[in-house]
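K.L.:
Below are the chains, spelled out letter by letter.
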Amino acid sequence: MTRRLGIWIIAITAAAAVVGPWLVHADPSYQDLADRLAAPSREHWLGLDELGRDVLARLVAGARISLLVGIAVVGISATVGIAVGSLAGYLGGWFDDGIGRMMDVLLAFPGILLAIALVAVLGPSLTNVVLALVTIGWVSYARLVRGQVLKVRELEYVQAARALGAPLGRVLLKHVIPATMTAVTVQATLGMAGAIIAEASLSFLGLGVQPPTPSWGTMLDAGRSHLFDAPHLTLVPGAAIAILVLGFNFAGDALRDRLDPRAT
Amino acid sequence: MAAYLLRRLALTVPVLLGVATLVFALIHLVPGDPAEAMLGETAPAADLADLRAKLGLNDPLLTQYGHFLRGLIRGDLGTSFRYNTPVRQEIAQRLGRTAQLAIAAMVVAVLIAIPLGVIGAIYRGRAPDQIAMTVSLAGIAMPNFWLGPLLALVFAVWLGWLPVSGTGTSAHLVLPAVTLGAALAAMTARMARASLIDELRELYVLAARARGLSWRRAVLAHALRNSLIPVVTIIGLQLGAVLTGTIITETIFAWPGVGRLLIQAISFRDYPLVQGCILFIAVTYVAMNLVVDLLYGWLDPRIRYR
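Protein chains in written order, with the numbering used here: chain A, 70 to 333; chain B, 341 to 646.
Honestly, the hints are just simulated from the structure, not real lab data. Backbone N, C-alpha and C fix where the C-beta goes; we use that ideal spot for every residue, glycine too. It is possible that part of the hints are untrue.
If you want a taste of the chain A side facing chain B, the calculated C-beta under 8 Å gives, among others [said to hold, decoys possible]:
1) Arg170
2) Phe178
3) Leu191
4) Ser194
5) Leu213
6) Leu276
7) Pro280
8) Pro281
9) Ala291
10) Arg293
11) Phe297
12) Pro300
Throw the hints in and build the complete structure from the sequences for me.
P.N.:
The following block contains the structure:
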């Protein structure tokens with residue numbers, strides 16, 4: 070039940086992000102100042118914001134940002150994490166020790182604090198948000214993959230490949246890394262939820278996507294000033310974030326149940 | 341226990357050094373000239389030179405790093421560019437508020453989580469359980485930057501029961517504490533439910549019932565007490581989330597704590613203050629984890645010998 074719900078939520082959001090701009094005819098940047106803060110109506114299903122922009126059009130455009138940030142952060146973090154984690158686990162020794170200490174330091178920073186720190190000094194922008202989230206994001210993949218590789222490297226088929234003289238790159242890419250992909254896939258699905266929340270948090274704090282680019286976090290931040298006169302500006306983007314995050318969490322849990330029955 | 345304590349403390353030193361190094365590196369990651377970023381592009385050259393000298397940016401990198409570490413050991417976090425006061429003093433002024441909020445959030449979390457978990461376990465699979473777990477799922481899914489404005493909308497704007505933001509009375513603490521504690525409450529409730537369900541299967545609960553104890557007493561006095569160990573564990577693990585959660589919660593409710601100070605410092609480009617706040621939060625987090633680890637070691641001797 071929740072698996073299907075999760076997949077439906079993700080599919081609908083992805084469809085809205087891809088084809089939404091053609092279905093919603095309003096321009097997310099067009100300002101109708103005379104009707105600013107208008108409540109939902111037949112013309113504007115989710116109302117207008119503080120500058121008279123169509124909230125539905127901005128929500129659809131914001132879905133693109135959320136999903137793009139999620140895909141970019143998870144994609145880059147997973148790639149870096151897999152590369153570093155597999156090398157650390159496979160090679161061991163000083164390389165593993167060095168990476169281990171680095172991971173300890175990065176994990177010593179609570180969650181999003183390092184991302185806030187990096188964006189604070191690099192300047193608020195979408196690129197810097199991705200960079201900051203990747204800086205903290207790769208560690209969890211590296212730890213996961215390292216742990217898996219420590220087990221896989223002792224398996225007979227990997228030993229056989231080494232005995233036959235296969236070079237390091239080939240052993241890792243053809244034999245070791247594929248064995249870790251189940252765990253990485255589950256982690257990546259749950260990581261999408263984390264990345265979307267983190268981007269929205271940074272944008273909410275004014276450190277992420279900058280206006281006028283629509284982002285669910287910045288929409289929520291702007292809506293906060295109009296709690297009294299336009300509560301729909303708070304309700305709509307917040308609900309979108311919560312539902313999409315729930316969707317990825319459901320899908321991740323379902324994937325884990327499916328791919329690794331021992332975990333449940 | 342003393343050996344475990346020393347080993348755990350020794351492991352913390354390189355982590356703290358790494359954290360300090362990262363925080364030191366922050367100002368050097370500012371694109372271009374940090375002094376120009378702080379004063380603006382149109383600032384006079386003399387002012388820029390003054391600020392560079394004040395921040396020690398003209399010294400070689402290693403000298404700067406040495407000064408930074410020596411300052412930290414003395415508890416000197418530098419001087420705030422905006423307030424022209426020691427960073428330590430700015431943090432100290434707001435520390436009490438952040439601690440008050442974090443403690444209130446933990447209390448709220450426990451007060452919500454334990455009853456929800458107990459209801460879930462006792463009525464497992466039935467309507468009260470489903471309601472309790474749906475509530476907890478909502479708590480997990482709702483980011484605090486949405487929950488906060490939503491609570492303010494309902495309880496401050498529509499119902500008018502509580503103030504929207506600020507400080508002054510204990511009523512001002514309610515909405516920020518619930519916002520910050522909700523996610524922790526949700527996770528803890530799920531853990532409390534699962535743990536109590538496991539305990540209810542134990543023979544000692546059946547034996548208590550056989551001795552004539554009421555069902556309520558068997559659950560509350562025996563099973564619940566034993567089920568609390570993993571609950572305490574999850575609360576300990578979530579201390580860091582509560583700490584970082586204060587940044588957003590304090591911003592939403594204009595709560596004058598260290599988290600809000602950090603966000604204000606970022607908007608003023610007050611880099612020494614940003615560094616100080618980041619370092620303070622990170623070191624508090626490391627220290628909390630250390631205390632939690634030591635508590636586990638004390639509660640469960642097996643951990644000490646691993």
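K.L.:
Each hint: holds or not?
P.N.:
Here is what the structure says about each hint:
no.	hint	result
1	Arg170	6 Å, holds
2	Phe178	5 Å, holds
3	Leu191	6 Å, holds
4	Ser194	11 Å, violated
5	Leu213	18 Å, violated
6	Leu276	7 Å, holds
7	Pro280	15 Å, violated
8	Pro281	19 Å, violated
9	Ala291	11 Å, violated
10	Arg293	5 Å, holds
11	Phe297	6 Å, holds
12	Pro300	5 Å, holds
In the structure shown, a violation is registered for the earlier hints numbered 4, 5, 7, 8, 9, in ascending order.
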